[in-house]
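Please model the entire structure based on the sequences and the hints provided.
Using the working numbering, read the sequence shown as starting at 15 and increasing by one per residue.
Accuracy of the hints is not assured; some may be wrong.
For each label pair, taking beta carbons as the anchor points, the in silico distance ranges come out as [said to hold, decoys possible]:
(1) Leu53 <-> Leu78: 18 to 28 Å
(2) Gly34 <-> Ser107: 31 to 41 Å
(3) Arg108 <-> Glu32: 19 to 29 Å
(4) Ser31 <-> Ala82: 14 to 24 Å
(5) Glu32 <-> Gly58: 19 to 29 Å
(6) Met104 <-> Asp49: 25 to 35 Å
(7) Thr69 <-> Asp37: 16 to 26 Å
(8) Glu61 <-> Gly34: 27 to 37 Å
(9) Ala101 <-> Val42: 28 to 38 Å
For the record, the hints were derived by calculation from the structure and aren't laboratory data.
We treat Cβ as the ideally placed atom computed from N, Cα and C, and that holds for glycine.
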Amino acid sequence: ASAPHRGGEARLYVEASEEGVGDAVLRVSRRRIDDLSELLVQVGFDESEAARRATIALAAVIGLQQLAVAEDSSPGEFGGAALTATALAMTVSRDEPTSRLA
15 ASAPHRGGEA
25 RLYVEASEEG
35 VGDAVLRVSR
45 RRIDDLSELL
55 VQVGFDESEA
65 ARRATIALAA
75 VIGLQQLAVA
85 EDSSPGEFGG
95 AALTATALAM
105 TVSRDEPTSR
115 LA
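So this is what it looks like as structure tokens:
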């Protein structure tokens, strides 16, 4: 069986450079990270930690979208409220993961 048609944002990230829109996608991604980072700073994270968490949050969203369109994934396997709630909790958790790695 062939892979399903990738529409919307999933296709945009996968094929951005081939379609000649890589720079625009990069600008939008940077804006999303900056906006989320600013919100995280407003709720008390320092700028460095906020930027890391915002980057990981965007990567998680994009990654889940890519997994959801994978040929062999079952409906809902990589989406839904539970994964969204986990991603949000990880993004705003007050735990300091980087301090445990040092």
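Verification of the hints:
1. Restraint check, leucine 53 to leucine 78: a C-beta distance of roughly 20 Å satisfies the suggested window 18 to 28 Å.
2. For glycine 34 and serine 107, the Cβ-Cβ distance of about 39 Å falls inside the hinted range of 31 to 41 Å, so the restraint holds.
3. Between arginine 108 and glutamate 32 the CB atoms are about 41 Å apart, so this pair departs from the stated range of 19 to 29 Å.
4. The supplied range of 14 to 24 Å is met by serine 31 and alanine 82, whose beta-carbon atoms lie about 22 Å from each other.
5. A hinted range of 19 to 29 Å for the beta carbons of glutamate 32 and glycine 58 is inconsistent with their spacing of about 41 Å.
6. Taken as a hint, the range 25 to 35 Å is violated for the pair methionine 104 and aspartate 49, whose Cβ atoms sit roughly 18 Å apart.
7. The hinted range of 16 to 26 Å is satisfied by threonine 69 and aspartate 37, whose Cβ atoms lie roughly 19 Å apart.
8. Distance hint check: the CB atoms of glutamate 61 and glycine 34 are about 33 Å apart, consistent with the given range 27 to 37 Å.
9. In this structure, alanine 101 and valine 42 break the distance hint of 28 to 38 Å, their C-beta atoms being roughly 19 Å apart.
The structure does not agree with the numbered hints 3, 5, 6 and 9 stated previously, though it agrees with the rest.
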